[in-house]
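There are 2 protein chains.
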Amino acid sequence: MTTLSEVRNTGWLAVVGLGPGNADWLVPEARDVLLRATDIVGYRTYVDLVPPELRGSAALHSSDNGEELGRARHALELVSSGRRVALVSSGDPGVFAMAAALFEAQSAETAPAVWREVDVQVVPGITAALATAARAGAPLGHDWCCISLSDNLKPWAIVERRLVAALGADFVLALYNPVSRRRPTQLAEAFRLIRRHRAPTTPVVLGRDVGRPDEHVRVVPLSDVDLDACDMRTVILVGSSTTRLGAGGRVFTPRWYPAD
Amino acid sequence: MTTLSEVRNTGWLAVVGLGPGNADWLVPEARDVLLRATDIVGYRTYVDLVPPELRGSAALHSSDNGEELGRARHALELVSSGRRVALVSSGDPGVFAMAAALFEAQSAETAPAVWREVDVQVVPGITAALATAARAGAPLGHDWCCISLSDNLKPWAIVERRLVAALGADFVLALYNPVSRRRPTQLAEAFRLIRRHRAPTTPVVLGRDVGRPDEHVRVVPLSDVDLDACDMRTVILVGSSTTRLGAGGRVFTPRWYPAD
Numbered sequence: 001m002t003t004l005s006e007v008r009n010t011g012w013l014a015v016v017g018l019g020p021g022n023a024d025w026l027v028p029e030a031r032d033v034l035l036r037a038t039d040i041v042g043y044r045t046y047v048d049l050v051p052p053e054l055r056g057s058a059a060l061h062s063s064d065n066g067e068e069l070g071r072a073r074h075a076l077e078l079v080s081s082g083r084r085v086a087l088v089s090s091g092d093p094g095v096f097a098m099a100a101a102l103f104e105a106q107s108a109e110t111a112p113a114v115w116r117e118v119d120v121q122v123v124p125g126i127t128a129a130l131a132t133a134a135r136a137g138a139p140l141g142h143d144w145c146c147i148s149l150s151d152n153l154k155p156w157a158i159v160e161r162r163l164v165a166a167l168g169a170d171f172v173l174a175l176y177n178p179v180s181r182r183r184p185t186q187l188a189e190a191f192r193l194i195r196r197h198r199a200p201t202t203p204v205v206l207g208r209d210v211g212r213p214d215e216h217v218r219v220v221p222l223s224d225v226d227l228d229a230c231d232m233r234t235v236i237l238v239g240s241s242t243t244r245l246g247a248g249g250r251v252f253t254p255r256w257y258p259a260d
Numbered sequence: 261m262t263t264l265s266e267v268r269n270t271g272w273l274a275v276v277g278l279g280p281g282n283a284d285w286l287v288p289e290a291r292d293v294l295l296r297a298t299d300i301v302g303y304r305t306y307v308d309l310v311p312p313e314l315r316g317s318a319a320l321h322s323s324d325n326g327e328e329l330g331r332a333r334h335a336l337e338l339v340s341s342g343r344r345v346a347l348v349s350s351g352d353p354g355v356f357a358m359a360a361a362l363f364e365a366q367s368a369e370t371a372p373a374v375w376r377e378v379d380v381q382v383v384p385g386i387t388a389a390l391a392t393a394a395r396a397g398a399p400l401g402h403d404w405c406c407i408s409l410s411d412n413l414k415p416w417a418i419v420e421r422r423l424v425a426a427l428g429a430d431f432v433l434a435l436y437n438p439v440s441r442r443r444p445t446q447l448a449e450a451f452r453l454i455r456r457h458r459a460p461t462t463p464v465v466l467g468r469d470v471g472r473p474d475e476h477v478r479v480v481p482l483s484d485v486d487l488d489a490c491d492m493r494t495v496i497l498v499g500s501s502t503t504r505l506g507a508g509g510r511v512f513t514p515r516w517y518p519a520d
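Going line by line, the protein sequences match chains A and B. Just so it is clear: in the first sequence, position 21 is 21 by the working numbering, and no numbers are missing. Just so it is clear: in the second sequence, position 185 is 445 by the working numbering, and no numbers are missing.
These are computed hints drawn from the structure, not numbers from a lab. Backbone N, C-alpha and C fix where the C-beta goes; we use that ideal spot for every residue, glycine too. Hints should not be assumed to be uniformly reliable.
Ranges between beta-carbon positions, derived for each pair [what the hints assert, rightly or not]:
#: 1; chain 1: B; residue 1: G509; chain 2: A; residue 2: R161; range: 25 to 35 Å
#: 2; chain 1: A; residue 1: P52; chain 2: B; residue 2: E313; range: 47 to 57 Å
#: 3; chain 1: B; residue 1: E313; chain 2: A; residue 2: E160; range: 19 to 29 Å
#: 4; chain 1: B; residue 1: G509; chain 2: A; residue 2: D228; range: 38 to 48 Å
#: 5; chain 1: B; residue 1: W416; chain 2: A; residue 2: M232; range: 51 to 61 Å
Here are a few chain B residues that sit away from chain A, every Cβ distance over 12 Å (derived from the structure) [unchecked claim]:
#: 6; residue: T270
#: 7; residue: D308
#: 8; residue: S317
#: 9; residue: S322
#: 10; residue: E328
#: 11; residue: E337
#: 12; residue: T387
#: 13; residue: P415
#: 14; residue: R421
#: 15; residue: T445
#: 16; residue: P460
#: 17; residue: R510
With the rest of the complex left out, here is chain A (with noise of 0.2 Å):
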């Protein structure tokens, strides 16, 4: 049986944002981390994206989509048995990824007592918004929202109520998880309502792969989006009325906001 201190004295758990994918922008204390590894756990894609030299021996642990908590679990059961543990997410572990999911699983009553004791250490990256946003110029240069718009563990409703508040109030949006095949219908909901707040000359961007090899970024004004073109690995970032296109086709949102 392990005992605390052995955990303690030799294994650790550390949830790691692996930024868009891309060495440039994955910081050193995540490669650092991954090095360290015994076992590397996350979404099979996103193992996927840990770089072969990163690796190292480390024992390597896919699993599906949607199966958060239990990847989390087994996180924490290895961990408990005084492994090193890194828990990969692609951009920041802590932007609708895993972070919540391990202390979550962490804080459930159900937990046995030496999960609770393990002190997880959160390394973050550079999440897609930020990525997006660093292609198309400066658009989230002003106050912005992060909102998903998957509703597979909300209800629609609160996206809805978010995404008119937002837009009320005139944020820029940032959008995650915008459609999946289980939910073709929610985006054009969403851009129905962005385009009742929002001027057709609006700039939206349209982030794909941002930092990959296929990387796809494409500024269109709201009333061109295509929204076929968007699919879950696609970051869409929405201005608001004072985003405005500049230079050499970059968007910015400025600093300052007009007096009415």
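With chain A held as given, fit chain B onto it using these hints.
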């Protein structure tokens, strides 16, 4: 006189996010750009954040806070004379930082043609909200907003409107620039609104100088927040109705949201 082809062949301009300032959280692309720059331009505090080994023999151009547009113009002048320029910000340069000012200067009607031709590179960084969240747990695990409380460049009425909208729609809040000597009362006004919408037990994270040697992170219930302990170097994360304290005092916002 500098020609466009000279600019294209020799000079470049990158707006670089330093992250919080620690080498562990500086992306490799930022390192690389700093090492190749002939000139490093920025607010004095941020130029000082650049690790000496990355400054090399670059000329340092420090200026005071509040001179963002002047700094941006200076960077554009330098690149237009063929220099390799790193314009530095802490955190992510696109979030309440220099990238928007740069594109504003570059896109101004009065901007010289040679400025408009500069192909600006934006290097993303770990913004303070992500850094503070990583230390606290996963408070940004669900929909969240980034709001600057500074009314130097926007009317306070806009700040209030956005706070009320974000609170009403139950977003987690990340508050930047909470207070300054010129704006001593606004944080208290913001918290009056927050206390009207959130329970006294709501977890609040106060992160000061996160990622720097004097890092100080506190997690307190909303009822116990000491506003006098906040300054311009503090980022404040305010939980939603679902944000909770978990094992080991870590704060997280679950990925799910209850149906009504």
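Against the structure, the hints:
At about 31 Å, the CB distance of G509 of chain B to R161 of chain A agrees with the hint of 25 to 35 Å. Take P52 of chain A and E313 of chain B: their Cβ atoms lie about 28 Å apart, and the range 47 to 57 Å is violated. For the pair E313 of chain B and E160 of chain A, the supplied restraint of 19 to 29 Å is violated, since their beta-carbon distance comes to about 51 Å. Checked against the hint of 38 to 48 Å, the C-beta distance between G509 of chain B and D228 of chain A comes to roughly 46 Å, which is consistent with it.
Between W416 of chain B and M232 of chain A the CB atoms are about 39 Å apart, so this pair departs from the stated range of 51 to 61 Å. The claim that T270 of chain B lies off the interface holds: its Cβ sits roughly 18 Å from the closest Cβ of chain A, which is beyond the 12 Å cut-off. Every CB of chain A is more than 12 Å from the CB of D308 of chain B (nearest about 20 Å), matching its label as outside the interface. The beta carbon of S317 of chain B is kept farther than 12 Å from every beta carbon of chain A, the shortest such distance being approximately 24 Å.
Even its closest Cβ contact with chain A, about 20 Å, leaves S322 of chain B beyond 12 Å, as expected for a residue assigned away from the interface. The claim that E328 of chain B lies off the interface is violated: its Cβ sits roughly 7 Å from the closest Cβ of chain A, which falls inside the 12 Å cut-off. The claim that E337 of chain B lies off the interface holds: its Cβ sits roughly 15 Å from the closest Cβ of chain A, which is beyond the 12 Å cut-off. Not every CB of chain A lies more than 12 Å from the CB of T387 of chain B, the least distance being 7 Å, so the non-interface label is violated.
Its beta-carbon lying about 5 Å from the closest one in chain A, P415 of chain B breaks the requirement of being farther than 12 Å from that chain. Once the 12 Å rule is applied to beta carbons, R421 of chain B is inconsistent with being away from chain A; the minimum gap is 5 Å. For T445 of chain B, the non-interface assignment is confirmed: its Cβ lies about 19 Å from the closest Cβ of chain A, beyond the 12 Å cut-off. Residue-level check passed: P460 of chain B sits 21 Å from the nearest beta carbon of chain A, beyond 12 Å.
Against chain A, the non-interface label of R510 of chain B is violated: not every CB pair exceeds 12 Å, the least being about 5 Å.
The structure does not agree with the numbered hints 2, 3, 5, 10, 12, 13, 14 and 17 stated previously, though it agrees with the rest.
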